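Asker: One-letter residues, chain by chain:
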Amino acid sequence: MTATQTSPSAPPTSGSGENGGPLSRLSAQNTGLLLAWLLAAVMLVLYLVLFAARKSALPGNFELTSTVNNAVPLVFAALGQTFPVLTSGLDLSVGGVMDVSNSLAATQMGTGVGSILLWTVLILLFGAATGLVNGLLVAYGRLQPILVTLGTLAILQGIALKVLPQPGGTTPPLVTRTLSNPDAPYGLILVALACALWFVARRTTFGMRIYAVGNDRIAARARGIPVRRTLVLAYVTSGTFAAAAGLMLAATTTGGDAASGDVFTLISIAAVVIGGVSLFGGRGSGIGAILGAFVLTLLINVLFFASIDPLFQPFYEGVFLVLAAALTALAGYWLRRRRIERSQR
Amino acid sequence: MTGGVTGAERRPAWLPRIRPDRQLGWYALAAAIVVFVVGELIQPGFASAAGVKTVLVVASFVGLVAAGQTLVVLIGGIDLSVPWMMNSMAVLLATASIGSNARAAWVVPLVLITGALLGAVNGLGVAVLSVPAVVMTLGMNGVLQGLTLGLTGGFTCATCGSAAPPALDAAVNGSVFGLPGQLIILFLVAVLLTVLLSWTSFGRRIYATGTNPRASVLAGVNVTRLTIGLYSLSGLFAALAGILLTAYGGKATLGMGDPYLFQSIAAVVIGGVSILGGRGHYLGALAGSITLTALVSVLLAKDMPDYGRDVVYGVVVLVIALLYGRGEREAA
Amino acid sequence: MTATSSEPRTTETRRPAIEAELVDKRYGPIQALRQASFSALPGEVHALVGENGAGKSTLIKLLCGVTQPDGGTVRVAGEAVSLSGASEAAARGVVTAFQELTLLPFLTVAENLLLDHEPRGALGLIRRRELADRARAVLAEHGVDSIDPAVLVETLPLAQQQIVEIVRAVSQRPNVLLLDEPTSSLAEREVEWLFDLVRTMCRAGTCVIFTSHRWREVSAIADRITVFRGGTHVATAAALDEDEAILLMTGRAPSHSVGERSEPGQRTLLGVDGLHGGRLHDVSFEVQEGEIVGVGGLEGQGQRDLFLALFGVRPAAGRISVDGTAVRLHSPKDAIRAGIALVPEDRKGEGLFLRMSIRENLTLPILGRIAGRGLLRSAPERAAVRGMVAQLGIGTGDQEQAVGTLSGGNQQKVLLGRWLLTGARVVLLYDVTRGVDLGTKRDIFARVSELAERGAAVLFYSSETEEVARMSHRVLVMREGRIATELTGDEISAERIVRAALRDPVTAVGPVSSAGPVPAVDPSGERRGDR
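Residue numbers (our numbering), protein chains in the order written: chain A, 2 to 346; chain B, 6 to 337; chain C, 1268 to 1798.
Looking at chain A on its own, in the form it has when it is part of the complex:
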């Protein structure tokens, strides 16, 4: 039984949305991402200029390596954060997961490969479990994400302090060498891995459903999408990535500190916003979040070479976050109005 028919009496009126070519269509769906690339480029140039001004030379292997190594934890944290944000939620517990993850790595991991692998799996599972709790409470408990993740953040900070009351412990050298190798920018492999993970995720059913849920939860449900399951998975993803980020952090700092992850709540959201992912859900790309992570890492380098006291870092991070959010909101609003107006001519 088919629904096709011979051509109807008159086709519906013409005058579709975009009259622009492929470029303007591309920009429509990916405005945020393009802005992120732009911002990353600007930040890179700024860094290069300041570095050259100070050192009369261009950054070399050492700088590249340390920048990449510093960026990697945030890359993973931000990529994880992308998933709940795309569903128009937020995961404030990222910092807490990283705290626990970092503390566990520094205290529990032995130097042997077996112990390292075991604890890596356990730590990732812990992150996933946190995400599961978050997701269940958001999806089935129907609580607001801000409230839920704030609650789990508190609990996690407490747990981290239990595991590691004072900064200390050591990350096994094998872990440091693998995840945060100081000799060469092998960290780029990890970054590539993150990009690949996003690429795959975007093309799975799960990926499409995340966007659908973030666009319009009710419409998604009416289309038969398992909204609750998707939400749970979004937070599980975020928790797992955060746990991985905590491991990267442990590798980079070579030691443990139960509060070292705290700042990542703020900067993972900053990275995501800078990366053009909309806080209202449904639009944006994980690649943007990764770019945002680099923007923020470069920012720290820029501040350093501009001789700004590192104590002021949170100030700049905060300003950046707010500016990025304000500018993206305004730019998005303006662009959409223009497009809608044009389509109604």
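Hints may contain errors.
[As the list claims (entries may be wrong)] Quick look at which bits of chain B chain A covers, simulated, 3 or more residues with Cβ under 8 Å: (1) 131-142; (2) 151-160; (3) 273-287.
[Unchecked claim] Here are some chain A residues pointing at chain B (derived, C-beta under 7 Å): (4) 52; (5) 89; (6) 141; (7) 152; (8) 155; (9) 156; (10) 162; (11) 301; (12) 318; (13) 319; (14) 322; (15) 327; (16) 330; (17) 333.
No lab work stands behind these hints, which were simulated from the structure alone. Keep in mind it's a predicted model, so treat the numbers as computed, not measured. For every residue, glycine included, the Cβ atom is placed at its ideal position computed from N, Cα and C.
Got chain A sorted already, so can you dock chains B and C onto it with the hints?
Answerer: Below, chains B and C alone, put in the same frame as chain A:
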């Protein structure tokens, strides 16, 4: 299709109108009483006059911060800048008044006004720049943290450790009619907020905005001004809490504001204020502050380790939010 | 209680394609469906009509599995089912196109059409590049070749979004197609397209069930019509005329609108001179006391901007005066103070505070007046409200009742009452009958006339040209942000309004505004040479 009186409250016309959802605030009060009773059983003397007074005094700081948090949550927002708002204002107080009463006379108003202005900046970001409240206040928190740490060299400045001015000390720790000054202040704030929320047109507009911002605009409410005003008040209350906390503890310390974020939100949740806005009352949040503080005190008395506090805050928020249901859940 | 049902073309009794038997559904305190029964046959077009709140939408949701009944049975092809969601319903051949579109705004047309049916590659990953091509094929298959599948849905005009929604549903080749208000945003030609599509599907055996408030369409296409009232089935017939239908839908004889109408007075209550900004270009007109001025024209010609400017929501440059006094309208508050009221189309989203009481809803704009130095005074407030509630007959008279529990008609009264309380002399009504059932529509018209009779100046816009023609003393037809034509008295007719809206060939193509009766003018007439 038909209306019918199902779900409507029928009350004598002269009683102040208590919505069904404000009953949650009464639960909070009941919970506080329960905790005191249980505390007394576990630890005799807990619910004595002195014991209750102690708990109330400790709770009063949360209660003050919760005042601002309540106002902001009622319009569907949140204030995550509480920790460093308190801390930065405390540092401002300490370094500007350097223990002198004469200076305190103008420093205290200065600090309060600064807090209000910083809060207004939060409000501007949320209302005018369309920055989501979480992001704006989180960013502000970072900004204040950076400024405070940077300008004081990580709290190593000369005047950072100044003692609080004696007059302030007396006001907070001294007694008025047998009650600590701190509690009198809290009482005044409670009265102020109750009047504001229940009996002024400003309060009515707050509830309208929290319920439906778009309709409020079309009904002539200046939502922008209201938002800025409420965030400003939140900053003011955080600054006030910072001042009083400094006086209570004798001086400003690093990280003194940190516990108050979770506590103020937990208090607000326990008190039945809906995180979505439009429902709840300060008195509920106040009861929530007391319940939370009493609960933590009982647990600490029973040898709960310090890190357990954070865990308790988190668990309480989650459990209460689940229990209360209606207020915290999205429409089905 | 079924009225005579027409016999299908064959004489054998056919098994219903889908049916609901004695279903109940309750939402909190509201009983949406009460022992309701409904059945539709394969290959027929079955219209479901009733007032808002009569249960039509709830029934549709039950039939397509988005929600489950509390009691009673739903049967698909004779088999009792318990549908747990849209995907299960789709698996059984029941697909719905919703009035509140299920399109995802920030995804492309292609992504929307092919959601969960995307072309896959080797590893089971979606091939994003093929999406657009596949979607174009689907659209073409259903006679749509003018929508670019690579654009974001949110950039499409509402009519095209509705077309995409319909294609999305139809492309799943359902046995039962449920259409919830499918034509609410469609223009004449698009409605024809839809009806052709529907007829083709029915010839092939699909059962099409649709809801609509547009009586002409219902009469034109439906094989059978079912009326619901108060959450239950009232009648099913092969044909009904409008008055009969209203009687069945509301239980009372329809009020006949605008019979005797008083003449406008002499005083100019609203004066607009050189209004300019956004889409508006030099708009000038006046409205006298007691006059109803209708605003006509194709959609998107500046009507919305005009209303928003007059209420201070989107201020424009120019001179506005109320009752002779010049006013500056920079915010709704200014407008309210000047005695202007705006009743918007979306009463739940933009007008009412559902959780709050009738009293609080009514008095919000006038709090300043009834409060003493900021402090509310309950006695004056209650007195003012009591008067208004009695005057309009709102609900049961209990002013503390939550507005969310009121019927749609009562809610509309609350909204009207709010503005009456402000003592507004100038009332702006923007598409207030959109999505409103026939019975309530007639009520609203009656009230609008009342407003004018009491001396208010009314500016009235509706997306249904026939209503504008029926209600107004004068009609201003807008085109490209200007007032192109003014029609008065006997000149006013839906046909003339449409013609005036289209006259200028520069305007090129545009959908005819959702006109009531088929306009005598062919919408593309202006291209065959002006008449």
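Asker: None of the hints should be skipped; say for each whether it holds.
Answerer: Each hint tested on the structure:
no., hint, in the structure
1, 131-142, "holds (count 7)"
2, 151-160, "holds (count 6)"
3, 273-287, "holds (count 3)"
4, 52, "22 Å, violated"
5, 89, "10 Å, violated"
6, 141, "10 Å, violated"
7, 152, "4 Å, holds"
8, 155, "3 Å, holds"
9, 156, "4 Å, holds"
10, 162, "4 Å, holds"
11, 301, "12 Å, violated"
12, 318, "5 Å, holds"
13, 319, "3 Å, holds"
14, 322, "4 Å, holds"
15, 327, "4 Å, holds"
16, 330, "4 Å, holds"
17, 333, "9 Å, violated"
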